[in-house]
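For the protein sequence lines, the chains are A and B, in the order given. With the working numbering applied, the first sequence covers 474 to 1208. With the working numbering applied, the second sequence covers 2 to 216.
Hints listed in this document are in silico derivations from the structure and should not be mistaken for laboratory results. The beta-carbon is built from N, C-alpha and C at its ideal position, and this holds for glycine as well. Wrong hints could be hidden among the right ones.
[Said to hold, decoys possible] Covered stretches of chain B, going by a simulated chain A footprint (3 or more residues, C-beta under 8 Å): (1) 31-37; (2) 134-142.
[Unchecked claim] Simulated restraints on C-beta separations: (3) A/750 x B/155: 55 to 61 Å; (4) B/166 x A/1142: 42 to 48 Å; (5) B/125 x A/779: 51 to 57 Å; (6) A/1093 x B/32: 50 to 56 Å; (7) B/47 x A/786: 30 to 36 Å; (8) A/1031 x B/93: 53 to 59 Å; (9) A/509 x B/78: 45 to 51 Å; (10) A/750 x B/126: 56 to 62 Å; (11) A/1137 x B/125: 53 to 59 Å.
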Amino acid sequence: MALLPENLLATEQRFGPHPAYSTGARLETGIEPDKLVKTHCCFCGQQCGIQLKVKDNEVIGFEPWEDFPFNRGMLCPKGVKRYLQGGHPDRLLHAYQRDPAAAGGFCEMAYDEAIERVATEIQRIQTAYGNDAFGVLTGASLTTEKAYLMGKFARMCLKTANIDYNGRLCMVSAAAANKKAFGIDRAANPWSDILKAEVIWISGANVAECAPITTNYVWQAREYGAKIIVVDPRITPIARTCDLFLPIKPGRDIALFNGILHLMIENDWLDHDFISRHAVGFEAVAAHVRDWNPKKTAEVTGISERAIRQAAEWWGQSKSSFLLHARGIEHHSHGVQNCLGAINMVLASGRIGREGCGYATITGQANGQGGREHGQKCDQLPGARDISNPEHRAYVAGVWGITPEELPQAGVDAYEMFRRIDRGEIRGLLSICFNPKVSLPDNNFITRCLEKLDFYVAIDFFLNETAQHADVVLPGSLHEEDEGVVTQIEGRVIKINKAVDPPGDAKQDWRVIQDIAKALGRERGFTFSSPREIFDELRIASKGGIADYSGITYEKIEKQYGVFWPCPSEDHPGTPRLFEPGSWNPIAKGTGPYYFPDGRARFNVAPYTPPAEDVDDEYPLMLTTGRVVSQYLSGTQTRRIGPLVDQYPEPLIEMHPQLAGKLAIANGDLVTVESRRGVITLPAMVVTTIRPDTVFVPYHWPGKKSINQLTISAQDPISKIPEYKVCAVRVRKEK
Amino acid sequence: MPVPDQNEFFMDPNRCIGCQACVQACSECETHKGYSMIHLDFVDRAHSVQTAPVVCMHCDSPTCAEVCPADAIKKTADGVVQTARKARCIACNNCVLACPFGVPKMKTDFKLMMKCDMCYDRTSEGLKPMCATVCPSQALFFGTREQIELLRPRSVPTNQFRFGEQTINTKVSMMLPKSGKAEYVDVTQAMGEGVLGKTISLNILDGIYNEESTE
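Just chain B, same shape as in the assembly:
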């Protein structure tokens, strides 16, 4: 099914069910068969089944490329940040350590940094990325801004993130609840000072269930 050029990638962690269809499908992509570039983790399994997928956000000024001493990481004209060039990559790990989203993976077998390239083999031919096609809850969505606005009236996309002093604009958007103001994650303020913001109660079952003896 051919898709129009104005399609964008939207990530909606609120919708993730942790099924790993994206992780499994990613390893079927032509450019890195057998290896998955997606990260998918439980946020805090002891207290919640919440999971969060991370694909490459494809930054306007990619930190990974900026810190690369070998100039191995390139961005296409349409803004897709690619896996390191094999001929140039020196497997120094700078990009892995510097990426604020934790995206690049060091494949030590190949001495090569590999990362999500938004299924460039597919998107450049008018197909949707594998992960966003299969995602059963559409936590990963590939489509137009008009489509996502119709489908997610309760959320708003954002593509600006702040990490301490660094502000990053990205090609991929994250869906945020409309009801709340977009809050920047400020890592430095949480260091040694305690996390700002409301404490979220996670022990739902402790509250609602009628306490009774189990022994």
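This is chain A alone, in the form it adopts within the complex:
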């Protein structure tokens, strides 16, 4: 039973989170580093280039890497202080097992003994309950080599269908919509196209805090005359100086997109040539949006008619444009429909596949793009192949040296895996790079599920809140302790370089996985001696797929500052911009630039539905959640970096003074927010920069400070993304 240690305070005293600050060599001046390692930041999807200063096998600081073209030396505060995660007092240096008698509830154990125990437990559970009774949860911050290996390990070694990853909470709505509309899931353009756009439309993206360097692209475009339209329930820093701000009610994005398309049609702001020659399905969409007149759009979205008309006029009449969206429209029980609504607006304008004409989702996690392409998703095989497609199964089985019949079928999404744990269908779990106890919605349910597991093994570098439940903890590797590739926000494959060796008994994650395979007696296919060897197999496994990496090499990445996939041969330079006229792809085979047999993009009817849990008399306000600039995801790393903790130490509840006034709440007062699932008490931040019918709380904290106690586990029926961005709550002042 994966119960929490009885004295959690003692666990936290021993394993943290403790905030680390610069000490020793990191504070001394005039120290000559042994080497400067060119690599990338370990946090968000932008993957800014950075040079790490290394002295005596420790990262002691950083130097900007101004030659890397995406960020040219620019970094956010997380990038600046990322080096403090190394040499950290909380670093897991040994394997541990649960031991109520030990300090903090865990005692050290020999690494080999821990691996043996994990293998024994996997075998015991799978023998008693079947292969699918053991689940694997992974993450989109892993390098692509590790993500590939995790998919292979689950399917080929554990023979379980149940593997899924934390990208389920991130990019899956956009991914599903992109596949439906374009047949391919990748940002359509490099960010350099933002600079050449006349209108930039940003929906549900807190660009300045979640993708800070992208701000410079957007604002540079504005210097050259671009108009910026921002759609958000809050005035975020990118919205502060925008040309048009549309303060949308959470969960009403499709209504806005349909309303804009309605006005585009009414005013004939359409690219008829593009619609007839390069797309299909426009008529059905046009018929569907006929009802979405400005009055109805205004009523549903909570935006004034005047503002909607202005937005449509600018978008409709522009010669070039770039539409960006992020979790704000994707984290919904109709997240895929939201994205499809946005794509319809782009397709109707015909402004895609050319310089200065672009569309992209802003990827959230380090390897949010690459981590969703090569098989750690429950329904997917390497090369963005489909696990239910017999041809795809046969190809990948061939690369792995097994029969297609040996490959499990599709498993279920990460949240559904917990429901299966709850029902006793999944009895054992291995997790890496995922902290579901903080990051999943309605997380008191997640805690109850973890407690039901027969056996839980966590691979990590810090003991995160989920790993506190573990029976065995295996010490894995930090970002700077391994090499491999990741694919950043633009679809550019870049290389993470190793700066230091893992400390103590800690090992690179792929070695840990291979050690488990060996202890299970299923070593075949898991005898790689380096990430490069894994990458070379991945290149073959992805060959001919949509996400074709076969022509990418470590050397080419270094030479070109990254390679945009698809890159189908070694003499191919990569593909920075998708959908260019005349471009070839393996699905259309020359009939057109989109990834369908006829080479045409798809319009998709996107019907409006309200949020799964709308407001009512009992719970009259909307709760929405998101990030702050100094923290990252569930905070496993950033809550351990002192200067970042100090920048925004604890979550606050943002609310408008109109609401605060009604409830007699002043700035700084303790306020309780309650949903049907949970309750939280935090200080109020009373600001005019949020809609009066909405409250906002950032999600990076655990336990009593976790807003995910309140969020709803309603999921999109297609992408299975949870509805983090809207649920019903009530608010009261604490006496």
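Given chain A, work out where chain B should sit, using these hints.
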């Protein structure tokens, strides 16, 4: 990446996103590791997310040096005003109180005034200052006048400021919107007389959003 000598520092508060990358990076500078010399504040968080960074403006006639009774604050030949000389500084706080931009910081642990020296360790070796290198929105920019003119066609740099009777010329420039005439901030006129100029409407959401009951 070596940078040419004619590089200048430009500050564009309109571009600030308040992320504090500059504040965090400043504390990585070799001459004052662990301490940040940049000031970054919300202007009025209750009504706006606007923030403003302040680095040392490096005045031609630095007020901090003029009021220093110990002659501890020196300017380099190339116009960079430095942290007080440890041997001379008497930690009297005169400079902290007198600087019109509020730049110097009194480090009571060391009994020493410390301030932004435009990363002298870096700029003297041809590198850009740490803050202006990392700033993700380039609110802090280090480059040539030609570069900033190309990159910010809507703004114009100014390096003259007036505080009451005092006119100050600085090495660092502030970017101002081209469309409006440069207006001097006159503190004395605002004292007891009400602020001059237009009232800026900050409650954007109050205006544009359709009023409806939330209860």
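Quiz prompt | Violating hint indices (sorted, rising) | solution = 3 and 9
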